[in-house]
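Chains as they are written, first to last, in my numbering: chain A, 1 to 64; chain B, 1001 to 1151.
Accuracy of the hints is not assured; some may be wrong.
Stated by the list, open to error - Here are the simulated lysine-lysine pairs, BS3-like style, with alpha carbons at most 25 Å apart:
#, chain 1, residue 1, chain 2, residue 2
1, B, K1117, B, K1012
2, A, K52, B, K1117
3, A, K18, A, K8
4, B, K1012, A, K18
5, A, K52, B, K1012
Please keep in mind that the hints were generated in silico from the structure rather than gathered at the bench.
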Amino acid sequence: MALITTTKGEMDDSLLEKREGSVDNDNELTRWVEYWLDGELVHRSVHVHLKKNVFADGMAAMFG
Amino acid sequence: MSNTQAMCTSFKTELMTATHNFGTAPTRGTGTADTFYAALYLTSATLNASTTAYTTSGEVSGLGYSAGGIAVTNATAPTSSGTTAYWTPSASLVYTGVTLTTAFDTVLIYNQTQSNKAVSVHTFGSQTITAGTFTLTMPANTNTTALLRLA
């Protein structure tokens, strides 16, 4: 038994339907968890792990 | 021996610490890192390389989220390896107890100390949050994977 923070306050997870999923691509690894109550989404949390960065290529110009 | 044209690696790292100033501003204090923030943006926003500063236009809004976002943990100074200077926030960005019902897919890192000037824009898959937590974990802080790299 665990308490889940929902749009209706804290609820026992045994009363809720849990759905999970993930996305893994070149840019990110994302995992999400949802809790539903009678067909209504009452909690959704997401964890995104960024894989890509932003890159600047510094160049020193040549003379002539 | 021969000489090789290059941008000095030390200079790249020093760009990240504002050691060099080719212009006239800003006047900087000594010894203190700036404070950086991370704000979330809707999928309908238009942040990109042309973004110059934090803006409320297109920023997410919802229960538990404060305009401007959250402070970035900056406990690791910029460094270099090989010819690449790099920096990564030293902790995940965690937006706790939020409800963001309109889809968002972008985080803007900006410098609150320096008039909210933009640093970088990072995108990810479209998300919503309902009475939950949004966690953005950084890539490893290395010369090939760090969040910001100058090579």
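> Within a Cα-Cα threshold of 25 Å, do K1012/B and K18/A meet the stated pairing?
Replying inline: violated (48 Å)
> Keeping to a limit of 25 Å between CA atoms, is the pair of K52/A and K1012/B held or broken?
Replying inline: Given pair K52/A, K1012/B holds - Cα atoms ~20 Å apart, limit 25 Å.
> Are the Cα positions of K18/A and K8/A separated by 25 Å at most?
Replying inline: Judged against 25 Å, a Cα distance of about 16 Å means the pair holds.
> Quick one, are K52/A and K1117/B close enough, alpha carbons at most 25 Å?
Replying inline: holds (22 Å)
>> For K1117/B and K1012/B, compute the direct alpha-carbon distance and say whether it is at most 25 Å.
In response: holds (19 Å)
Going down the numbered hints, you'll see the structure goes against just number 4.
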